[in-house]
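Chemist: Sequence:
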Amino acid sequence: MPPLWIIETLIILIAFLSISRSRRNNEFMSNRATIRGLLMLLPVAIVLLIFACAEKSRLVQEGPITSQTIVATVDTAEITLGEVLNEYTGLTIPSSRFSATLENALNEVIYRRCAFLGADKFKDYDKKEVGRMAQNRASPVIIQYMLQDLFANRVEISESSIDSAYNANLASLSEPERRRVTHLLVSSNRKAWEADGVDVSGLTTEQLEAKAKLQIERFYQEVKGGADLGDLAAKYSHDSNSKPKRGNSGLFTRGQMVDEFDKVAFRLPKGALSVPFKSSYGWHILRVEEIVDSTVQPLDSALHATIEQQLKSNAISQMAGHFADSVLLAAELVWNEPLLEKRPGEYDPQDWVLIVNGTDTVSAVILRELELLYSTGGRRPPVTPNIRKEIVLSKMPPYALMSAARQLGYADRDPMKKAKQDFFREEVVNRIYQDRTSVTNKLPTDDEIKQYYERHKEDYISDKPLKVQHIIFKDSLEAADVKRQAEAGADFKELALKYEPDFKEAAFDLGWISEKEMGPEFYGAAW
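At position 508 of the sequence shown the residue is numbered 1675 (this note's numbering), and the sequence of numbers has no breaks.
Treat the hints with care, since some could be wrong.
DSSO-like, lysine-lysine: derived pairs with alpha carbons at most 30 Å apart [unchecked claim]:
1. Lys1391 / Lys1445
2. Lys1660 / Lys1650
3. Lys1412 / Lys1358
4. Lys1410 / Lys1650
5. Lys1556 / Lys1509
6. Lys1402 / Lys1378
7. Lys1391 / Lys1380
8. Lys1412 / Lys1430
9. Lys1358 / Lys1402
Label pairs and their in silico Cβ distance ranges [stated by the list, open to error]:
10. Asn1334 / Gln1485: 16 to 26 Å
11. Asn1553 / Ser1493: 49 to 59 Å
12. Pro1565 / Gln1476: 15 to 25 Å
Rather than coming from a laboratory, the hints here were simulated on the basis of the structure. From the three backbone atoms N, C-alpha and C, an ideal C-beta is built for every residue, glycine too.
Whole structure, please, built from the sequences with the hints as guidance.
Modeler: Spelled out as structure tokens, the structure:
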């Protein structure tokens, strides 16, 4: 039986192949990047030779599966399901790809854990550069450790300060009024009627508007006469979100619905039925079913502790600022005067620009970044040596504080020495990881890609694939509005980024996918 690390490598390759199956047979050009990526995965096996330490867990889980469930072991270290799930937190993944993505996430966690354990044996890196990166990461931790030790016991927060902070933030501690209604919509959009099998092709826009108004008035009279609004909504409403729930809107706050809807819903008392009213979506009637009054979070022990800690942190930050200013004033600064005389772009970014107290060096990379920010800040005089000193000094407090931490011995305390060692190891792991995924690996030629494609053409065949872009909405009224914008010619990507600003391009654009990858309902709507 082959070693488990080889099996892990094959799993990665197989997972990549399974994702590749969603591409068309006749779209060789779009598959070129996919095949290139597949061929470039081969160096993974070489890198894994360093480690050979991962093993999928064979343990039998007793009881419920949780984030602490062990899914693999690396030497004696255990990997939990929670660690694996964190690998793709925030991604939008079709259900058909969930298993493959979970497998890939597990492989990523295993790889990083193996790299961490093998970092001491890995020598192919610039120790000076890695040390600089590790020190950059350790410095804020050491500074915070020093400030807490110096000032935490000197800060006392009074009860009156806590009360004042609580009263000043009542708005953010309040839960606004919420309402739930039963709602029926008769749309003035002809597609909504056609979706219900009603032919309105012979009606003008004005005639369709009149038809919608007449229909909603008829429903209004029926409800007043004793008909159940929920039954009518379930049968006739054009609101696809609330219709399956018999018109139930769920709880909402002011501003979540269109203005016309909001004004009516929050004006009526509980149990009241509205008269027909119009919005950009059509004609509505609604009945207020539930009112949840606004509430304010009480100043209980938990909130009291949170506010006290925040005020304490603010006070420590203020004291730290004064401390940093005094340290900076007393610091011994040695400038690289020849470098400061050079024009932008003429000096080596890896050179030094300033040494603080003979121990902490400020790289010219920092100066270059600050110069770029300075030059994009509007009409300003050209940079001079003195201006360069000013903009570098504006970023000096952390360097001065780190120098003070060294002089006071905080950097040499055991917890901080361990933190620096851990950061150094993590930077080595990052280098190993970058080497695995680096595009500097030898790229396959176009002929190699084409030959691979011809040998594996069956892997790229899919029955009636579709190229899909999508936006997810919680509110069907908003979805209908965006649909109208898209039909009117609005750019779909701009709409996606407008209504889902956290989306990345890969999240809204699913690319070419098949029915198996999106599910029958999604595929049916897309087809």
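Chemist: All hints, please: hold or fail.
Modeler: Hint-by-hint comparison with the structure:
1. Lys1391 / Lys1445: 19 Å, holds
2. Lys1660 / Lys1650: Given pair Lys1660, Lys1650 holds - Cα atoms ~13 Å apart, limit 30 Å.
3. Lys1412 / Lys1358: With a Cα-Cα distance of about 22 Å, the restraint between Lys1412 and Lys1358 holds, given a limit of 30 Å.
4. Lys1410 / Lys1650: Roughly 18 Å between the alpha carbons, so the hint for Lys1410 and Lys1650 holds.
5. Lys1556 / Lys1509: 13 Å, holds
6. Lys1402 / Lys1378: 17 Å, holds
7. Lys1391 / Lys1380: 17 Å, holds
8. Lys1412 / Lys1430: Given pair Lys1412, Lys1430 holds - Cα atoms ~23 Å apart, limit 30 Å.
9. Lys1358 / Lys1402: Answer holds: Lys1358 to Lys1402 is near 17 Å, not above 30 Å.
10. Asn1334 / Gln1485: 16 to 26 Å: For Gln1485 against Asn1334, whose Cβ atoms are near 21 Å apart, the range 16 to 26 Å holds.
11. Asn1553 / Ser1493: 49 to 59 Å: Since the Cβ atoms of Asn1553 and Ser1493 sit about 23 Å apart, the hinted range of 49 to 59 Å is violated.
12. Pro1565 / Gln1476: 15 to 25 Å: Given a distance of about 23 Å, which is inside 15 to 25 Å, the answer is holds.
Consistency note: the structure conflicts with earlier hint 11 alone.
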